[in-house]
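Using the sequences plus the hints, can you model the full thing?
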Amino acid sequence: MHVIKGTSPLFQCFYLGKIKYLKALKLQETLVQWQTSHLNNCNPILLLLQHYPVYTVGIRSSVYSKQEENHLLSLGADFVRTKRGGLITFHGPGQLVAYPIFNLKIVDFGVRKYVETLEEVIINLSGRYGIQAERSPHTGVWVGNNKLCAMGINCQGRITSHGLALNCNTDMKWFSHIVACGIHGKGVTSFTEILQKPVTVKEVLPLFLDEFSRCFNCDMTPLRHLPEAFSLADMYEEVSHNKPRSKLLSRQESYEDM
Amino acid sequence: MSQSLILKSARDATRVFSKIVQKTLPISKNKLPPVPHLPHNVLRSCGFHNSAPNYSKFLFTDSHEWIKIDGDVGTIGITNYAQEQLGDIVFCELPEVATEFSKGDIFATVESVKAASDLYIPISGEVVEVNEKLVDTPAIINESPTEDGWLVMVKLTSSADDELSELLTQTDYEKTLN
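From first to last, the protein sequence lines stand for chains P and E. Numbering-wise, this note's numbering puts 248 at position 248 of the first sequence, and it's gapless, one number per residue. To get this note's numbering, take the position in the second sequence, counting from 1, and add 1000.
Some clues are possibly wrong.
To be verified - In silico contact screen, one side only, chain E against chain P (beta carbon under 8 Å); selected entries:
id, residue
1, T1079
2, N1080
3, E1093
4, T1109
5, S1112
6, K1114
What the hints assert, rightly or not - Label pairs and their calculated CB-CB ranges:
id, chain 1, residue 1, chain 2, residue 2, range
7, P, G76, E, E1096, 29 to 39 Å
8, E, E1096, P, D234, 36 to 46 Å
9, E, E1126, P, R81, 19 to 29 Å
10, P, K18, E, D1148, 24 to 34 Å
11, P, L39, E, N1178, 37 to 47 Å
12, E, S1159, P, E134, 48 to 58 Å
To be clear, the hints were calculated from the coordinates, so they are not data collected in a lab. The C-beta atom is built at its ideal place from N, Cα and C for all residues, glycine as well.
Laid out in structure tokens, this is it:
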């Protein structure tokens, strides 16, 4: 687990499959605590996953009333108030969610540069599909007036958590019940919607890892798939002993939840 | 007498108030009441906001917070380097007055570029005032991080001296940025 000076950071990559938002949140909080208590001795972590339908809001939580919360709950989604930046967004199957959890000191970035680099990852990734995506004064990645990828980060003493949500083949109807990210007059979109052909999370994953590695100038472990019933103790085993027990994600395997 | 007074700070207010008390009370000088200490909440309701123009110490943390000491009150904010690294601040979550913190506790959160960043308090103390202007205009932190963009004021504890000795001088802090 030692981070050797002078070498590129090595991100430990895990794919969690479809996971409830609160379970992933608890996991993130634990990982942030580990990173905090092992400041110089902890490899950076990248969690990749999909969520069951959930609406989440950031620290400006008071913007969203109990009434609105109840309305969204009645649609069959969860609703969680979090400590990330950004306003309201939706997560659901077909959306690639990435939570990099690491100390920004490793890449020597401030928060603004970190977010810009995440945007760059998605812009480059979109380019691979021939899509011209761009930044705007509103953080996130846009194709014209429509947001392709939402972002919302938390930074505790330079340890990051939360991250981004990229619409691959998300059911976009869920977004019609909110003003996504609090921005009126703009829409949301997905790879599938833009290209008019299905683009799955499974397909996008290796491209995402490649662009992440390039933009952050880091190495990535092969993607390990944690089973649905994994516990925090399992995660600790994976992360601390660096002897992965989980299955490696390879192209030959097929995963139902993708 | 109807001269208008310009009171620049809480200290001014206390000084003038005590002079008025001394002049108007019909007792000998030997039996003067003690100089009143106006509590910060009273000063705030009179409209006097101490923007700490006077301070005896100006110290820094390596996580880019600063503190100015004026008597037993410390004014705390983030440095210019910190606000540059964060980007345009759109929201600032401050603690309630009277909250007590230990050194190193998270005392505030700022949001910029959809990132919520926690801030760590450089010293133990009880919050006596928060910069309420930041509720409507958090961008003041970007514009004037070490003056108008102050975040909180805390009443120091008995461990203040020890805690302050762990902080960096301006020169030492600036060296860490290079």
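A quick look at each hint next to the structure:
1. T1079: This interface hint is violated because 12 Å lies over the 8 Å limit.
2. N1080: With a minimum Cβ separation of about 12 Å from chain P (threshold 8 Å), the hint on N1080/E is violated.
3. E1093: holds, 6 Å
4. T1109: holds, 6 Å
5. S1112: At about 7 Å, which falls below the 8 Å cut-off, the nearest Cβ of chain P leaves the hint on S1112/E intact, so it holds.
6. K1114: Nearest chain P Cβ about 4 Å off; hint holds.
7. G76/P to E1096/E: 29 to 39 Å: Given range 29 to 39 Å: holds, Cβ gap about 37 Å.
8. E1096/E to D234/P: 36 to 46 Å: Taking Cβ atoms as reference, E1096/E and D234/P lie about 40 Å apart, which means the hint holds.
9. E1126/E to R81/P: 19 to 29 Å: For R81/P against E1126/E, whose Cβ atoms are near 28 Å apart, the range 19 to 29 Å holds.
10. K18/P to D1148/E: 24 to 34 Å: violated, 48 Å
11. L39/P to N1178/E: 37 to 47 Å: violated, 22 Å
12. S1159/E to E134/P: 48 to 58 Å: Holds, since S1159/E and E134/P (Cβ atoms, about 51 Å apart) stay within the stated range.
Going down the numbered hints, you'll see the structure goes against 1, 2, 10 and 11, while the others check out.
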